[in-house]
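In the order they appear, the protein sequences are chains A and B.
Residues in the first sequence are numbered consecutively from 675, following this note's numbering.
Residues in the second sequence are numbered consecutively from 8, following this note's numbering.
Hints in this document: simulated from the structure, not taken from any laboratory.
A couple of the hints might just be wrong.
With a straight-line Cα cutoff of 25 Å, these simulated DSS-like cross-link-like pairs (lysine-lysine) come out [stated by the list, open to error]: (1) B:K371 x B:K152; (2) A:K726 x A:K745; (3) A:K729 x A:K757; (4) B:K244 x A:K757; (5) B:K78 x B:K354; (6) B:K255 x B:K65; (7) A:K729 x B:K244; (8) B:K343 x B:K255; (9) A:K729 x B:K130.
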Amino acid sequence: LATMAATAMSRLANTLARGGNWQRHLQRGYASQTEMTVRDALNSALAEEMRKDDKVFVMGEEVGEYQGAYKITRNLLQEFGEKRVYDTPITEAGFTGVGVGAAFSGLKPVIEFMTFNFAMQALDQIINSAAKTLYMSAGQISCPIVFRGPNGAAAGVGAQHSQCFAALYSACPGLKVLSPYDAEDSRGLLKAAIRDSDPVVFLENELLYGQSFPVADEMLGDDFVLPIGKAKVMREGSDVTLVAFSKMVGYCLEAAEVLATKGISAEVINLRTLRPLDRDAIAKSIAKTNRIVSVEEGWPQCGVGAEIT
Amino acid sequence: GMGMGPMAMMGARAKGRWASRGAFKGSPGAGASRGLRRGAHVASVASKGSPPPAKPAKDMVVSDPGSKVDKETAKDLYIDMLRGRNFEDMCAQMYYRGKMFGFVHLYNGQEAVSSGFIRALRKDDHVCSTYRDHVHAISKGVPMKNVMAELFGKRTGICRGQGGSMHMFSSEYNFLGGFAFIGEGIPIGAGAAFRSRYGRDVLHDETADQVCASFFGDGTCNNGTFYETLNMASLYKLPCIFVVENNKWAIGMAHDRSTAPSSGDDVPHIYKKGEPFGIPGVLVDGMDVLAVRKVALEAIARARRGDGPTLIECETYRYRGHSLADPDELRSRKEKEHYEARDPLPKMRAFITGNKLWSESEVKQWEREIEAEVEEAVAFADASEKPTKDQLFENVFADPSGFGIAHDGTSQMKF
Chain A
675 LATMAATAMS
685 RLANTLARGG
695 NWQRHLQRGY
705 ASQTEMTVRD
715 ALNSALAEEM
725 RKDDKVFVMG
735 EEVGEYQGAY
745 KITRNLLQEF
755 GEKRVYDTPI
765 TEAGFTGVGV
775 GAAFSGLKPV
785 IEFMTFNFAM
795 QALDQIINSA
805 AKTLYMSAGQ
815 ISCPIVFRGP
825 NGAAAGVGAQ
835 HSQCFAALYS
845 ACPGLKVLSP
855 YDAEDSRGLL
865 KAAIRDSDPV
875 VFLENELLYG
885 QSFPVADEML
895 GDDFVLPIGK
905 AKVMREGSDV
915 TLVAFSKMVG
925 YCLEAAEVLA
935 TKGISAEVIN
945 LRTLRPLDRD
955 AIAKSIAKTN
965 RIVSVEEGWP
975 QCGVGAEIT
Chain B
8 GMGMGPMAMM
18 GARAKGRWAS
28 RGAFKGSPGA
38 GASRGLRRGA
48 HVASVASKGS
58 PPPAKPAKDM
68 VVSDPGSKVD
78 KETAKDLYID
88 MLRGRNFEDM
98 CAQMYYRGKM
108 FGFVHLYNGQ
118 EAVSSGFIRA
128 LRKDDHVCST
138 YRDHVHAISK
148 GVPMKNVMAE
158 LFGKRTGICR
168 GQGGSMHMFS
178 SEYNFLGGFA
188 FIGEGIPIGA
198 GAAFRSRYGR
208 DVLHDETADQ
218 VCASFFGDGT
228 CNNGTFYETL
238 NMASLYKLPC
248 IFVVENNKWA
258 IGMAHDRSTA
268 PSSGDDVPHI
278 YKKGEPFGIP
288 GVLVDGMDVL
298 AVRKVALEAI
308 ARARRGDGPT
318 LIECETYRYR
328 GHSLADPDEL
338 RSRKEKEHYE
348 ARDPLPKMRA
358 FITGNKLWSE
368 SEVKQWEREI
378 EAEVEEAVAF
388 ADASEKPTKD
398 QLFENVFADP
408 SGFGIAHDGT
418 SQMKF
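Chain A extracted, bound-state conformation (with noise of 0.2 Å):
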């Protein structure tokens, strides 16, 4: 059964390289037709929150008169103006670290990294100081802050533009990881990593960015926000589990959709947080359909999938 589900998913890849037409298969329980980009989900989430709190400021390469790298902060400076939209230099330790100062001194920065590839250049700032000092300080000093941008890989991009981050920031403690699909993701989960209290890393994909999703009514409320730590079954199955984050999410249910052409009823689940995982609900979706296949874009060894499994 795996293999099938693993063969169904590398036809999937060719079926999606050449555009396929799989996402009104989503359109099922929702109530209205409004659909969204997970682009313009993530810009007016951010500018939602900025509006109703003035402590959020969004700094970052491009972010400002550029309109944003990937437009996802197109038209905050021109609401919010240059002292709450930085555009930084080209100085990812440096203004990372400005961003984690500001987080210990009450603000709530929203750091975007053009990709995560660039952050190696500050993991020293998001490990070692916003994610260690809650706990070096007993408490004293938090660190309200978001680091946001694309992970994982683009199209054609190279191989210093297209590492997945999950893994790595997902094994540390003190952050707090986050991974949307879907444009409902993408609103409910920036709007919670904003509000929350702790180091969020919040890892988009770049390929999502301009694909459309259906949003309910609901979902476009102020204070639509997803909580933390739960994972989502997007299709309800009871022959095999798959479960998946981000872009991956996508390649699953199109893969149920061909497994149930051959009388396969595959659950997916959308993780949507990666740390904490929400084990619970990958044990019971297992227990189940005792069967799971793990799929992620991120390299095999101590993954995502490799702690799962």
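Fit chain B to the supplied structure of chain A, relying on the hints for placement.
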């Protein structure tokens, strides 16, 4: 406990006033105490490091011999330096007796920088330090007994024993660490300064004029984050002060072996590195607390009125090794003697008694009180409890919902 050779025991038992303790007697470090034999080649490199030229560089700010300081300020400065020195000496003793362990980096000799700067700050100003942070924390106001307890790894430590020597934090006194990586605290200090500016620019808080002083060493001035932060601090005109404690050595690496001089210079000058970023640079005699204070007051006022950062290089020296595990074999006796003669404590003491600001008996009284304070801190730390097992899962998240701590306060992790 630590194995103790005879030389180490002599150091641990050295008693009496700091003046007669002699800065370098019996500070052998772990190398001697474990009886490590070093080859003959070490003797030939032990003469590294030379005393600076007899006259200070013409750019250096020194204190004015006729400078007037009110008696309360003079007392505050001297007592603060005394507290720092006595505390660090006690740390060395406690380390050799096995009461504290791990990495301990002592500040002996550099007290003028801590007292000169930090006593000029307000309680709501921030200080960001490095692993050599005990005395910075004490100057900022963190109670001595809580620093000692932290070093002993006790629950009553300022970080409940969870930070240790290199990670002192205090939200009450705005002491932002305590960082192990050099250069790590520099942008964080700029971030605290950023918050001040943001308070005025965005949050309409006219009273947000707090400044942040970041302390770091000569070795750090070759690190990327130093330059990254100088650039941003200047670009955003942040109310921060970069204080370089140039003690000429980064563990065993002499400053001029690791740092290239600027064009036209023979030796590297850290204070000149501000200019490429539009930041004024000042060189000051870091062995003289009144000179340091003079420069500090100016830099703090500059930052507070919104004119941006200043880079201050303090020529100073650490009398002990890089850490208590450093055998300190590379620095020459001549260099150490030169700086011993410039010890900031007797200098200030002489200023106070010579100018008749306070009497000899009053000064002796302070010295006794501080010795007692340090002894009390040790007794407090000794008597305190160790952390409990539960602390492993506390303070991981400020908002632990869904992870770590359950709503009833107990841990959600199951053994």
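Hints versus structure:
no.: 1; hint: B:K371 x B:K152; in the structure: 22 Å, holds
no.: 2; hint: A:K726 x A:K745; in the structure: 21 Å, holds
no.: 3; hint: A:K729 x A:K757; in the structure: 11 Å, holds
no.: 4; hint: B:K244 x A:K757; in the structure: 12 Å, holds
no.: 5; hint: B:K78 x B:K354; in the structure: 15 Å, holds
no.: 6; hint: B:K255 x B:K65; in the structure: 19 Å, holds
no.: 7; hint: A:K729 x B:K244; in the structure: 19 Å, holds
no.: 8; hint: B:K343 x B:K255; in the structure: 11 Å, holds
no.: 9; hint: A:K729 x B:K130; in the structure: 23 Å, holds
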